Each structure stands twice: as structure tokens, then as C-alpha cells.
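Number of protein chains: 2
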Amino acid sequence: MRHKKIIYQPIGIIYSPHKEVKGVPIQPSSAKGIQGEIELFEEYQDGLKDLDGFSHIIILYDFHKSKGYSLQLTPFLDEKLRGVFATGAPKRPNQIGLSVLKLNRIKGNKLYVENVDMLDETPVLDIKPYASQFDAVEEEKIGWLSKNIKESDVKKSDERFK
Amino acid sequence: MRHKKIIYQPIGIIYSPHKEVKGVPIQPSSAKGIQGEIELFEEYQDGLKDLDGFSHIIILYDFHKSKGYSLQLTPFLDEKLRGVFATGAPKRPNQIGLSVLKLNRIKGNKLYVENVDMLDETPVLDIKPYASQFDAVEEEKIGWLSKNIKESDVKKSDERFK
Numbered sequence: 001m002r003h004k005k006i007i008y009q010p011i012g013i014i015y016s017p018h019k020e021v022k023g024v025p026i027q028p029s030s031a032k033g034i035q036g037e038i039e040l041f042e043e044y045q046d047g048l049k050d051l052d053g054f055s056h057i058i059i060l061y062d063f064h065k066s067k068g069y070s071l072q073l074t075p076f077l078d079e080k081l082r083g084v085f086a087t088g089a090p091k092r093p094n095q096i097g098l099s100v101l102k103l104n105r106i107k108g109n110k111l112y113v114e115n116v117d118m119l120d121e122t123p124v125l126d127i128k129p130y131a132s133q134f135d136a137v138e139e140e141k142i143g144w145l146s147k148n149i150k151e152s153d154v155k156k157s158d159e160r161f162k
Numbered sequence: 001m002r003h004k005k006i007i008y009q010p011i012g013i014i015y016s017p018h019k020e021v022k023g024v025p026i027q028p029s030s031a032k033g034i035q036g037e038i039e040l041f042e043e044y045q046d047g048l049k050d051l052d053g054f055s056h057i058i059i060l061y062d063f064h065k066s067k068g069y070s071l072q073l074t075p076f077l078d079e080k081l082r083g084v085f086a087t088g089a090p091k092r093p094n095q096i097g098l099s100v101l102k103l104n105r106i107k108g109n110k111l112y113v114e115n116v117d118m119l120d121e122t123p124v125l126d127i128k129p130y131a132s133q134f135d136a137v138e139e140e141k142i143g144w145l146s147k148n149i150k151e152s153d154v155k156k157s158d159e160r161f162k
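Note that the protein sequences, when read in sequence, are chains A and B. Letter 37 of the first sequence, counting from 1, is numbered 37 in the working numbering, and no numbers are missing. Letter 22 of the second sequence, counting from 1, is numbered 22 in the working numbering, and no numbers are missing.
Simulated from the structure, these hints should not be mistaken for lab results. Source: prediction; values computed, not measured. Please note: incorrect hints may appear among the correct ones.
For chains that are exact copies, the list does not tell them apart, and a pair is met inside one copy or across any two.
Stated by the list, open to error - Derived lysine-lysine pairs resembling BS3-like cross-links, with alpha carbons at most 25 Å apart:
1) Lys-107 <-> Lys-65
2) Lys-32 <-> Lys-147
3) Lys-5 <-> Lys-91
4) Lys-67 <-> Lys-49
5) Lys-80 <-> Lys-49
6) Lys-91 <-> Lys-107
7) Lys-49 <-> Lys-147
8) Lys-141 <-> Lys-107
9) Lys-67 <-> Lys-4
10) Lys-32 <-> Lys-4
11) Lys-110 <-> Lys-80
12) Lys-141 <-> Lys-4
13) Lys-49 <-> Lys-110
14) Lys-80 <-> Lys-91
15) Lys-65 <-> Lys-4
16) Lys-91 <-> Lys-4
17) Lys-141 <-> Lys-110
18) Lys-32 <-> Lys-110
19) Lys-110 <-> Lys-5
20) Lys-5 <-> Lys-65
21) Lys-49 <-> Lys-107
22) Lys-49 <-> Lys-141
23) Lys-5 <-> Lys-67
24) Lys-19 <-> Lys-5
Assemble the whole structure, with the sequences as input and the hints as a guide.
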């Protein structure tokens, strides 16, 4: 199990206005209104049926520009070393990103999305419908984020995870 | 890009009381109070620093018992064929599962979690902190789920995605 490889293949690509790591919004909440397009490879297009009924979708993707990982690092929202699993930083053992995006429209194999915080040409791994009954909880505490979270609305990434 | 392989490795294993596909809760919301344990492989333990400050965590995992995929299928909460990306069904092109769990305690490399809806011995791909500012949105519509969502509190899976 420990050294078993799990192999996935991109199902599509996200096109976004963020061409470089520096300046990318660190979360969808700091990318309000930023539009992008997901091109799903045609062979998966039939899997989009009914998705247009949802206003928001969960995108799982590969942080394709991130190389290697650190178990402890200083996240964009902080000045202290934190455990990587207590952050959303790209330099993680399996570099999977997660963003909840607004879905404006689907046309054929193209999804027009908003609040895009991914780099241009990011490989998409999965698309899931967002429903707060399943995907939202009322958390009691948010650790180190609690004193820093307001900054995230405006904060952009620098080059530390290039 | 299209046929590029993306290779991950399990970072740990989730131990849960759900030993068989049949009867597994289909979402954490239908697994309230069900306890489990995530064993993170020791080499990643330093990455857990600060995570105990969070009451909820996002677990990404591999649906390891699911083989192959269908682009359209009938989800547990419905009787109609739906596009796989409009569902959370395991039989998806990249069989990645996502659950938001309650984190009760961390001891060494063990995470004691609640609302566990994964099968026993599920390989864990990633752990992220949950913060509603980033991970929750107020959705306007939830498509086909809107008429079925109440059932999910009690509904268990059958064998259709074995």
C-alpha cells in the first residue's frame, strides 16, 4: 500500500488569465469575478449531463507547476512555519488542488467558470457538483487561519511555491 | 497533456467500520457520529503540525474498490441517469473521493475522525484544513439533488458501484 502508485489522467484543461505563479489569487475567494474556461476532453463530454443545474462546482486539479514538497512551510497568509496538511499550499506530497468555482454556462465540452484561482493550462482531474448539504459544515475552529483569514480576500501569491 | 499520466502515492490509510461497499453511507452527512482513524505514514507526520487547530478537515482519497467508470449512471439518491460529473459516484474517470470530516484528535501520526463515509482501508491522497471562508459557498441551485437531498441523511449505498 505504502508505495503503491495511483495513476490518474487529466480529463481536461483549465484556461485562466493567470499565466504565472506570481500573482495568482491564493483562493477562489480572492479571485471573485475572474473568469476562465474548462475544456473537458471530448471523450468525457457525456459525463456533463445535468451539471448545468448546479451553480457551483468542485474542481480537483494538479498543481502542475509545483515541484517537490515541504512538510512544513510558511503559507501565503502567515509568517510562521505550518504543517503542509494544515495549509492549502501547492508543495504537498500529492499536489492536488481543490477550488469551488461558480459555473456560469456549459456549451458542448466547455465549462465557463468564475472565481478562477488556478494557473492557465492546469490539468483537471475531477469535477463534482457542489451542494452545501454535503460539502459545507459549520466548523468550530480554523486554527492559525482565524487571525489571518481576512487578508486572503486581497492577497496574491508570491513566488515562494514556484 | 491528454494522455499524460499523473502519479500519486497514498500518504496514509483510513480505517473505518465500513468493511463492504454495500451499506456504506453515501456522504459524511449520512455518517454522523461514525468514527474512524487515519493512519498517516510516519514519513509525513511532520506535515500535521497545526492541523489540530481545525475542527474539520477535507480528505481526498482513492475509491480503491471501484473499477472502471461510466459517463452516465444512476446515483444512489436518484432513479434517473445522470452525468457522472453531476454526481459524487465512485465510478468516475479519476476515482477521487472527497469528504469533509470532523477531526477529534491527533496523536502522533494518527488522526481520529468522525462522520466517516469511506470504506475500510481506503488510501488517503491528501489532507487539507476546512475553512468555510474558502471551502463553502452559498449556491443558488443544486440541480437534480434539490428534490432528493433529504434522503441522503439516511440513505446507504447498495452494490451498484462495486
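Open item on the list: Could you work out which of the previously given hints the structure breaks and list their numbers from low to high?
Closed with: 1, 10, 12
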